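Protein chains in written order, with our numbering: chain A, 1 to 59; chain B, 1 to 146.
No wet-lab data here; the hints were simulated from the structure. Heads up, some of the hints might be wrong.
[To be verified] Quick list of in silico lysine-lysine cross-link-like pairs, BS3-like style, CA-CA up to 27 Å:
1) B:LYS120 / A:LYS57
2) B:LYS75 / B:LYS101
3) B:LYS75 / A:LYS57
4) B:LYS120 / B:LYS75
5) B:LYS120 / B:LYS101
These numbers were taken from a predicted model, which means no experiment stands behind them.
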Amino acid sequence: MTTEQLMLLLQAGANVLNLIAAHRVAAREAAKDNPELLALLDTIDADYDRRIRDREKAG
Amino acid sequence: MKRQRAVWGVAIVLALAIGCASAPTVPAGRASIIATDVHNTIAAVDDLERAMTAAGQITAAQHAQLNPSILALLKSGKAFDAALRAAVVAPAQANYQEALKAVTDALGAIAAALPDGAVKARLLAALALAQGTIANAAVPLFGGAK
Chain A
1 MTTEQLMLLL QAGANVLNLI AAHRVAAREA AKDNPELLAL LDTIDADYDR RIRDREKAG
Chain B
1 MKRQRAVWGV AIVLALAIGC ASAPTVPAGR ASIIATDVHN TIAAVDDLER AMTAAGQITA
61 AQHAQLNPSI LALLKSGKAF DAALRAAVVA PAQANYQEAL KAVTDALGAI AAALPDGAVK
121 ARLLAALALA QGTIANAAVP LFGGAK
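Make a model of the complete structure from these sequences and hints.
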């Protein structure tokens, strides 16, 4: 493998990593833009907490 | 020329490998459906056991026997909810597959803790339904379409 080929290979790998990073940033932004989902997860979490407290009291 | 093709082949395989190794993301719309389905299923098991206890179909001793395993189920559900949030907000930290396994393991532990008799038959049916509902709800988490 020549140096040029190795550089191409490394560049391809770097491009893939950049794509993955961009995908993750986009996912985070999508979550920020979706307060309904976060509110739903909070509501569900609060319900689990209530049920856990009740069970711990009963136990 | 052949060698250059081989290099590109290696590059593509490398790209696919890195892409597959990275934590998958869960679309927000699907995450809300999955979170709701799993929560409703776990809550139904919790509610059913409470209702049967209140109706006298489960004795106080049987309730005390089941309580720890249902508590573990609720905690696993809470952990799954947190893992699902991570899958949407920070995919790199997503570990919802392990969290989901903990939920199904907790359902199995309840089945193992059931007292013999009519209570066992009724709750086993509910637990089987819960396992099926959770497995169905989680299909998109494992790359399946739903």
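Now for the hints, and whether the structure bears them out:
1. B:LYS120 / A:LYS57: Holds, at about 24 Å.
2. B:LYS75 / B:LYS101: Holds, at roughly 13 Å.
3. B:LYS75 / A:LYS57: holds (15 Å)
4. B:LYS120 / B:LYS75: holds (23 Å)
5. B:LYS120 / B:LYS101: Holds - the C-alpha atoms of LYS101 (chain B) and LYS120 (chain B) are around 23 Å apart, at most 27 Å.
Of the numbered hints stated above, none is contradicted by the structure.
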